[in-house]
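S.K.: Given next are the chains, with one letter for each unit.
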Amino acid sequence: MSPEGNGIAERVRRLAEFLVANDLESLRIEREDEVFEVGRTPEYEHSVPREQKIVPAPVRVEQIAADRVGTFHFSRPVPFVGEILEGDRELGYVEQLGIRNPIRSRGSGRVLAVLQQDGDLVDYGRPLFEVER
Amino acid sequence: MFTKVLVANRGEIAVRVTRACRELGVRSVAIYSQADKDSLHVRDADEAYCVGPGPVPRSYLDIANIVSTALASGCEAVHPGYGFLAENARFAEICSDHGLVFIGPKPAVIAAMGDKAIAKRIMKEAGVATIPGSDILESARAARDAAKKIGYPVLLKATAGGGGKGMRSVERPEDLERAYASATAEAEASFKDGRLYMEKLLVRPRHVEVQVLGDEFSNVLHLGERDCSVQKPSHQKLIEEAPAPDLGQKQRRALHEMAVRACKSVGYTNAGTLEFLVSDDHVYFMEMNTRIQVEHPVTEAVYGVDLVKEQIRIAAGERLGYAQEDLRPRGHAIECRINAENPRNNFAPEAGTLSRVAFGDGAGIRVDTYVASGSLVPPYYDSLLAKIIAWGEDREQAIARMLQALRETKIEGVHTTLGECSDILETPEFREGRYDIGFLPRLLAGTAALRQAQG
Numbered sequence: 406m407s408p409e410g411n412g413i414a415e416r417v418r419r420l421a422e423f424l425v426a427n428d429l430e431s432l433r434i435e436r437e438d439e440v441f442e443v444g445r446t447p448e449y450e451h452s453v454p455r456e457q458k459i460v461p462a463p464v465r466v467e468q469i470a471a472d473r474v475g476t477f478h479f480s481r482p483v484p485f486v487g488e489i490l491e492g493d494r495e496l497g498y499v500e501q502l503g504i505r506n507p508i509r510s511r512g513s514g515r516v517l518a519v520l521q522q523d524g525d526l527v528d529y530g531r532p533l534f535e536v537e538r
Numbered sequence: 002m003f004t005k006v007l008v009a010n011r012g013e014i015a016v017r018v019t020r021a022c023r024e025l026g027v028r029s030v031a032i033y034s035q036a037d038k039d040s041l042h043v044r045d046a047d048e049a050y051c052v053g054p055g056p057v058p059r060s061y062l063d064i065a066n067i068v069s070t071a072l073a074s075g076c077e078a079v080h081p082g083y084g085f086l087a088e089n090a091r092f093a094e095i096c097s098d099h100g101l102v103f104i105g106p107k108p109a110v111i112a113a114m115g116d117k118a119i120a121k122r123i124m125k126e127a128g129v130a131t132i133p134g135s136d137i138l139e140s141a142r143a144a145r146d147a148a149k150k151i152g153y154p155v156l157l158k159a160t161a162g163g164g165g166k167g168m169r170s171v172e173r174p175e176d177l178e179r180a181y182a183s184a185t186a187e188a189e190a191s192f193k194d195g196r197l198y199m200e201k202l203l204v205r206p207r208h209v210e211v212q213v214l215g216d217e218f219s220n221v222l223h224l225g226e227r228d229c230s231v232q233k234p235s236h237q238k239l240i241e242e243a244p245a246p247d248l249g250q251k252q253r254r255a256l257h258e259m260a261v262r263a264c265k266s267v268g269y270t271n272a273g274t275l276e277f278l279v280s281d282d283h284v285y286f287m288e289m290n291t292r293i294q295v296e297h298p299v300t301e302a303v304y305g306v307d308l309v310k311e312q313i314r315i316a317a318g319e320r321l322g323y324a325q326e327d328l329r330p331r332g333h334a335i336e337c338r339i340n341a342e343n344p345r346n347n348f349a350p351e352a353g354t355l356s357r358v359a360f361g362d363g364a365g366i367r368v369d370t371y372v373a374s375g376s377l378v379p380p381y382y383d384s385l386l387a388k389i390i391a392w393g394e395d396r397e398q399a400i401a402r403m404l405q406a407l408r409e410t411k412i413e414g415v416h417t418t419l420g421e422c423s424d425i426l427e428t429p430e431f432r433e434g435r436y437d438i439g440f441l442p443r444l445l446a447g448t449a450a451l452r453q454a455q456g
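Note that the protein sequences, when read in sequence, are chains W and R.
Per our numbering, residue 406 is the first one in the first sequence, and the count goes up by one each step.
Per our numbering, residue 2 is the first one in the second sequence, and the count goes up by one each step.
Only chain W is shown next, with the shape it has when bound in the complex (with noise of 0.2 Å):
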C-alpha cells in the first residue's frame, strides 16, 4: 500500500471510531478537494463484525516480540486488548540488569493481544504483543 493510500485509510478509520464513539448514523467532511463521508448501515450491523465494517482496507498482524532477555513490565498506561495505539507508544519495557529496554509500538494500530503478564521472564523473540495495523 503507497504511504498515501495508508493516510486515507487511517482518517477513514478514525472517523469511524468517532462515528461508532458518539453513536452517529452518518458523518460527512468536505474539506477543499477533499470529501469524506462514513455511515453505517442496519444490514452490517448485524451481518459483519464491528472490526471489519469500520476498517475496509485489508489488515496486517503484527507481532511485538522482546529483542532482550529479562522481565517483562507493563508501560502506564498499561495497554488492553481492543486500544487503539496512536504513534509510537511505549507498551512496556524489558527489565535486565536493572536496565529498562522499553518496548515501543512502532506505529499506529489495534491492540489485538496481550501475550504477557507483568513480572513474567521473557526471552530473545518470545512474542508480547500482537497489533493490527
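Derived by calculation from the structure, the hints in this document are not laboratory data.
Please note that the accuracy of each hint is not assured.
[Said to hold, decoys possible] Only part of the chain W face toward chain R is listed, based on derived beta-carbon distances under 8 Å:
1. Glu467
2. Ala470
3. Arg473
4. Val474
5. His478
6. Phe479
7. Leu526
8. Gly530
Only a predicted model underlies this, so the values are computations on that prediction, with no experimental measurement involved.
The beta carbon of each residue, even a glycine, is placed where N, CA and C say it ideally should be.
Based on these hints, arrange chain R on the given structure of chain W.
M.R.: Below, chain R without anything else, positioned relative to chain W:
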C-alpha cells in the same frame, strides 16, 4: 549444593553439563540461539531460554542476556563449558557481581593465565620450566647473541604475530642474519610492527597436558596427563589419549609435580589444564587452560572421576573427597573428535542437515554428542559433532575398540573426520605411540602427494 545452574554453552558440552547437573539433583537451565532451537541441549534441560539470533556475538557471547537469564530464572551458578565465555575474566566477574557463582577459577586467575607473558612469568617463579626465549630483539646482532645463549635451532617470532607471519626457523648461525631481515620485513608488512623475539625451536615436540582439580580449601590434585599431539595443521587437536604413550616414569612424575606446584602457587581452584611441550628429555610449560577441556573424557575414563560433577561440587564449596594417593589410573583411553569438516579440503567446516546418524557402541565405548538423525548443524559454530571415547585394559585394546566403533559409526549429510581418525589409528606411528605434533601434517602432505601422483 546448588538447586539450579545455568549452562552457558551449546552442543555436546552443554548436553554433558546438563547430565552432570541431573546426576547431582540440580535443575538445569539451557540457553540457545534461534539457530539451535531444536538442539538436544535445549530438550535435555529443565528450562530453556533463547538469548539471541544465530551469530555468536549476539547470542552465546551476549553477557547481559545470559546473566539476565540466570537471574530471572532463579539460578545460583553458571557453568561456562569450554570456548565462548569460559575463559572470559570479565564474564566471571560480572557473574559474581550479580551474586552468581561462576563455575571455574577466580576471575583474577583466569585473567593472569589468559595473558601468555604473565602466565609464563608466574610459572617461572613457581619453578616450572618454560620454553627458553629472549626479550624483544633490537637488532640482528642482538638476535645473534640471544641465539648463542639459547642454542640452535631457534625460532624467530613477531611480537604482534599470528598465523605464522614473521616467523622463521633458523638451524645454523650463518642463516640468522638473512632470516632476521626477512622476518622483520614480513612482520612490518603484516602488522605494522616489525619487532621480533626468539624462542628455542623444539625438535619433534609432543603436546602433553596435565589435568588438575583444586578446591576452595587449598587442596590441589592432578589426574595424570593426556597426549594431544595428533593435531591438524591448524594446531587443533583431533585425537587424544590418556595416559601419554611415550613418556618415561621420571618425566611423567616431574610433569605432575610441576602442575600441582604451579596451581598451588596461584591459588588455583576448580578444573584446569596445564599444557606442556615435551621434546627429548625436556619439558616446557606452554599455557594453562582455566576451564574444562574437550578431551576431558579420556581422563575420566582412566581415573573413574566425573570431572564436570567435581567442578560443580567445588564451586558449591565442597571439599575434594579424596587424596592424591586415592587416585589411580586404570587402563587406557582414546578420544576421536568427529567434526563436520572435509579432511580433503583443509578440514573446511561444513553445515547442513544430518540425514542419518548412528554411533558405534560396545564395551568401553562412550559417545558425547548433540546430534541424531535429522539434526541440523548450523553454520555459526564449532564443527565438533561428537566425541567417541574408547577405554581398554591396555592401549592395544583401546585402539581395537575405537576402530570398531568408528567402523560402526555412520554420519550422512556432511563430510566428517571419521575416516581420517581410522586412518591415523592404523598408522605404525600411532600404533607404536611414536608421534609428535608434526605427525598429522606430515601424514596429510604425504597422502595429498600420493593422490596427486595417482591423478
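S.K.: Indicate, hint by hint, whether the structure satisfies it.
M.R.: Hints and how they fare:
Given hint, W:Glu467 at the interface with chain R, is violated; its Cβ is 19 Å from that chain's nearest Cβ, farther than 8 Å. Checking W:Ala470 against chain R: minimum C-beta separation of about 10 Å lies over 8 Å; hint violated. The beta carbon of W:Arg473 is positioned within 8 Å of a beta carbon in chain R (closest approach about 6 Å), and the interface hint is therefore held. Restraint check, W:Val474 versus chain R: the minimum CB separation of about 4 Å is within 8 Å; hint holds.
Given the 8 Å rule on beta carbons, the hint for W:His478 is violated: about 12 Å separates it from the nearest Cβ of chain R. For the restraint placing W:Phe479 at the interface with chain R, the shortest Cβ-Cβ distance is roughly 17 Å, beyond the 8 Å limit, so the hint is violated. About 4 Å separates the beta-carbon of W:Leu526 from the nearest beta-carbon of chain R, less than 8 Å, and the hint is met. For the restraint placing W:Gly530 at the interface with chain R, the shortest Cβ-Cβ distance is roughly 6 Å, inside the 8 Å limit, so the hint holds.
The structure fails hints 1, 2, 5, 6 (numbered hints given earlier, in ascending order).
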